[in-house]
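2 protein chains.
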Amino acid sequence: MQQSIGRLVSILYRKNQMYLNMALKRYDITAAEVPILTYLFQKDGVSQEELSVHMVIDKAATARAIQSLIAKGYVHKEKDQTDRRANRVSLTNQALGIKEEIMKVLLYWTDFLTNGLDSDDVTVMFSVLENMAQKAEQANFSEIGGLC
Amino acid sequence: MQQSIGRLVSILYRKNQMYLNMALKRYDITAAEVPILTYLFQKDGVSQEELSVHMVIDKAATARAIQSLIAKGYVHKEKDQTDRRANRVSLTNQALGIKEEIMKVLLYWTDFLTNGLDSDDVTVMFSVLENMAQKAEQANFSEIGGLC
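Top line first, the protein sequences correspond to chains A and B. In terms of our numbering, the first sequence opens at residue 1 and continues consecutively. In terms of our numbering, the second sequence opens at residue 1 and continues consecutively.
Hints may contain errors.
[As the list claims (entries may be wrong)] Partial list, computed: chain B residues near chain A (C-beta under 8 Å):
1. G6
2. V9
3. I11
4. Y13
5. K15
6. N16
7. M18
8. L106
9. W109
10. L113
11. M125
12. S127
13. M132
14. A133
15. A136
[Stated by the list, open to error] Between beta-carbon pairs, the in silico distance windows are:
16. B:M103 x A:E101: 42 to 50 Å
17. A:A61 x B:R64: 14 to 22 Å
18. A:A86 x B:L96: 50 to 58 Å
In short, the hints are calculated from the structure, not lab data. For every residue, glycine included, the Cβ atom is placed at its ideal position computed from N, Cα and C.
Okay, chain A solo, but in the shape it has when bound (with noise of 0.2 Å):
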């Protein structure tokens, strides 16, 4: 049978989202929440809009989860200055203070996968996941033939 790249995520999203759960119980943190703190780890201060884009999830659960966020004192929001229709979304101290945890936490799981791999393998492993990453992003699926 050929091999289905769906069924490999599928195992390595599920065990990815068991681990965060479990590694950042003690902030409080679950799994859902982690890819609204990375992005604002890298950028902070985006729009709510821009963030749900990120996410690749319905807008609905983006705001649950910024919700959550900042029920938990990780993150406040505020009206655009320019755009009072869009909402900003911006680390507080307390994100900022644990950002190296988390990003510790985040890259343990990657070298815990790939400890003892060929590191050639696991460069070109990279870079095909970030080509199909892309594609997945940008998929049309009502232009994906046949199929619909």
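Could you slot chain B onto chain A? The hints should help.
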């Protein structure tokens, strides 16, 4: 910043779920039900316990997905003849009738993602992903040192 496998896998997973929900809508099958069907396509009549382990999610979620597939007429469940505490899950003719179609949908996604990429690189990616998925499946989180 060092690359994180979690981010790439997360994008690929979410988009794959969206694609599966769209492509299998005409059969009334959701992305959450696909892993059960594909496992049964390879190994029909396994125990519900084995399906839970394969799905890498909790037993309650597996039970819900199986219940949903029973309601739609795709699988049936019966007590094991030798071990009355175990339930065996099997495909119906209705499910077997669309097996080829489902496999085509899954492989189409893989083809879509890998189309145009160097085939040697794709082979390496599959091999590394397979290795990492095995490590992830065997991960004992309580032993991932220093993080909890």
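Here is how each hint holds up against the structure:
At a threshold of 8 Å, the smallest CB-CB gap from G6 of chain B to chain A is about 5 Å, leaving the interface hint in force. For V9 of chain B, the shortest C-beta to C-beta distance to chain A is roughly 5 Å, which falls under 8 Å, so the interface hint holds. Annotation: I11 of chain B was flagged as interfacial toward chain A, and the flag holds, the nearest CB pair being 4 Å apart, inside 8 Å. Interface restraint check for Y13 of chain B: the shortest CB-CB distance to chain A comes to about 4 Å, inside 8 Å, so the restraint holds.
The interface hint given for K15 of chain B is met, as the beta carbon of that residue sits about 4 Å from the closest beta carbon of chain A, less than 8 Å. Look at N16 of chain B: its Cβ gets to within about 5 Å of chain A, closer than 8 Å, so that hint holds up. Of the supplied interface hints, the one on M18 of chain B holds, with its beta-carbon coming within about 7 Å of a beta-carbon of chain A, less than 8 Å. For L106 of chain B, the suggested interface contact is upheld, since its CB lies about 5 Å from the closest CB of chain A, less than 8 Å.
Given hint, W109 of chain B at the interface with chain A, holds; its Cβ is 6 Å from that chain's nearest Cβ, closer than 8 Å. Restraint check, L113 of chain B versus chain A: the minimum CB separation of about 4 Å is within 8 Å; hint holds. Annotation: M125 of chain B was flagged as interfacial toward chain A, and the flag holds, the nearest CB pair being 4 Å apart, inside 8 Å. For S127 of chain B, the suggested interface contact is upheld, since its CB lies about 7 Å from the closest CB of chain A, less than 8 Å.
A cut of 8 Å between beta carbons decides the hint on M132 of chain B: the least distance to chain A is about 4 Å, and the hint holds. Nearest Cβ of chain A to the Cβ of A133 of chain B: about 4 Å, under the 8 Å cut. The hint holds. Hint on A136 of chain B holds. Least Cβ distance to chain A is approximately 4 Å, under the 8 Å limit. In this structure, M103 of chain B and E101 of chain A meet the distance hint of 42 to 50 Å, their C-beta atoms being roughly 43 Å apart.
Our hint of 14 to 22 Å for A61 of chain A and R64 of chain B holds, since their Cβ atoms are close to 19 Å apart. In this structure, A86 of chain A and L96 of chain B meet the distance hint of 50 to 58 Å, their C-beta atoms being roughly 51 Å apart.
Comparing the model with each numbered hint stated earlier shows that all of them hold.
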